[in-house]
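S.K.: Numbering (numbering that gives the first Met the number 0), first residue to last: 0 to 480.
Hints are not guaranteed to be accurate.
With beta-carbon atoms standing in for the labels, derived distance ranges [unchecked claim]:
1) Thr452 <-> Ala177: 42 to 50 angstroms
2) Leu368 <-> Phe393: 40 to 48 angstroms
3) Leu19 <-> Val409: 44 to 52 angstroms
4) Val409 <-> Ile264: 25 to 33 angstroms
5) Ala45 <-> Ile463: 27 to 35 angstroms
6) Leu19 <-> Leu371: 33 to 41 angstroms
7) Phe443 <-> Asp357: 36 to 44 angstroms
8) Lys153 <-> Thr365: 25 to 33 angstroms
9) Val271 <-> Leu413: 16 to 24 angstroms
Think of the hints as simulated: they come from the structure by calculation, not from any bench.
Note that the structure is a prediction, hence the values are computed from the model and not measured.
All C-beta atoms, glycine included, are put in the ideal place defined by N, C-alpha and C.
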Amino acid sequence: MIQVPEINLGGILPALVLSLAGIFVMLMCLFMRKGAVPAAAIVSLAGILVAGAANSHLRFLNEQAFSGLISLDAYTWFFNLLILIAAGMTVLTSVKYLTDDELDLSEYFVLLLFSSAGMMFMVSANHLLTIFIGLETLSISIYVLAGILPANLKSKEAALKYLLLGAFSSAIFLYGAALLYGSAGSLGLPELSKYFQSGKIGQMAYIGMGMLLVGFAFKVAAVPFHMWTPDVYEGAPSPLTGFMSVGVKAAAFAAFVRVFFESLISIQVNWVDILWVLAVLTMILGNLAAIVQDNIKRMLAYSSIAHAGYILIGMIAGQEAGTSGILYYLLAYTFTNLGAFGVVALVGRKGEANVYLDDYRGLARTNPLLALAMSIFLFSLAGIPPTAGFVGKFTIFSAAIKQGYIWLVVIGVLTSAASVFYYFRVVMKMYMESPEAEPAKLQFGPAMLLALTIAASVVLYIGIFPTNYLNLAAQSVKPLF
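Take these sequences, add in the hints, and give me the full structure.
M.R.: Rendered as structure tokens:
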């Protein structure tokens, strides 16, 4: 007799709303043909707002749905909210980018909504197969978005590289899941947890765990699985690069943390040392490689790699303090990086011509508010108070010290200090150097102005008044413990 699984559409309503909004935008663009970008952006924002309202009730749940395939809890609520923020900010920063370049690419917003829906399935997954479905949904959309610029060869190169390496990492993840299924007889996280707690663990299960770790490490751009990041970030449209750096990373870390802390926590001693090495390599290589970059998108790409190393410190520290530190860090990083890439998109003008550090010379003279916003974002990335980035690093480092990872924190602090050099180099060029030629006055669109204002304000506000947001992060990780 076939057992029909329970249906709980309310649990997946945020993802359903985004999917329906994406379908509506796609159909709408068939009739509008030309000039559909502003209308597509408005509908996308409306869908994101409705999805946010539909997500609100998840904060007060702690249950499973669809026969245990997904978890509906505060942890899912937090990451859904983070993804919606990233998607909404990306829509705002993309409108001017697309209209200035005369790109009638309304399908851009369709793919953005579909990828966000995939991320939501990934963060709520309570089953390895659900994680894989969400992973592929978001990945396929991002592959297309990375190569969406019609006359840009770097964009095509970025899409091809991401597709090839992404497919390879997905295959590794899926094969690891197959090995775990062969060992435990299930892909559900609770069943895997019982298997690893039994003490009767076969070698095949350890290999499967290692393959899962490789798959997640690729998505979060941890060294040595970071190879795709600089080229893809450089070639993709700047607003999308910001979305990739925060949305994909947040979804991957959400699933990473849930799998390893719900299913593999009983064998933490077997994987924590591996993460220790990955974190150190990621922080060192990310920051050192960023120092020598003269392209700001590649510099921010290596910076993104380094930040994955800092977040891994939170995973190594574990416990509620380390895990809640990850959530706060990702919240701060979302507004910071989306704001930084918004500035990059604005300064780049048509065709992303101005993406080198020297293009930021004298920006404070011609566009003082834009230079101020960029400085706030760079200070936050460097971990300078009173920005949110400082609180995020302080929280994660404090949790690691409490667990005895002194040397790991020392390396984190030293690499963070090294990052000040390349972040401040941009600030120096904006405020203390003159442009080689008289630059044209940048024109802010209302959507871009709103996005940059929100990002800069939030980065400062949650850095100066972090208590409520730290408590919110601590409450959101309770379902994992």
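S.K.: Evaluate the given range 40 to 48 angstroms for the C-beta pair formed by Leu368 and Phe393.
M.R.: 28 angstroms, violated
S.K.: Could you check the hint for me, namely that Ala45 and Ile463 are 27 to 35 angstroms apart, CB to CB?
M.R.: 32 angstroms, holds
S.K.: Measuring from beta carbon to beta carbon, are Phe443 and Asp357 in 36 to 44 angstroms?
M.R.: Roughly 22 angstroms apart at Cβ, these two residues miss the hinted range, so it is violated.
S.K.: When you take the CB atoms of Thr452 and Ala177, is the distance between them in 42 to 50 angstroms?
M.R.: The hint (42 to 50 angstroms, Cβ to Cβ) holds, given that Thr452 and Ala177 are roughly 48 angstroms apart.
S.K.: Regarding Val409 and Ile264, is the given constraint of 25 to 33 angstroms on their beta-carbon distance met?
M.R.: Roughly 26 angstroms apart at Cβ, these two residues keep to the hinted range, so it holds.
S.K.: In this structure, is the beta-carbon distance linking Leu19 and Val409 contained in 44 to 52 angstroms?
M.R.: Cβ of Leu19 to Cβ of Val409: about 50 angstroms, so the range 44 to 52 angstroms holds.
S.K.: Given the range 25 to 33 angstroms, decide if the beta-carbon distance of Lys153 to Thr365 lies inside it.
M.R.: Because 27 angstroms falls inside the window, the suggested range holds.
S.K.: Is it true that Leu19 and Leu371 lie within 33 to 41 angstroms of each other by Cβ?
M.R.: 39 angstroms, holds
S.K.: Holds or violated: 16 to 24 angstroms for the Cβ distance of Val271 and Leu413?
M.R.: This hint holds: roughly 21 angstroms between Cβ atoms.
Hint check: violations occur at hints 2 and 7; the rest are consistent with the structure.
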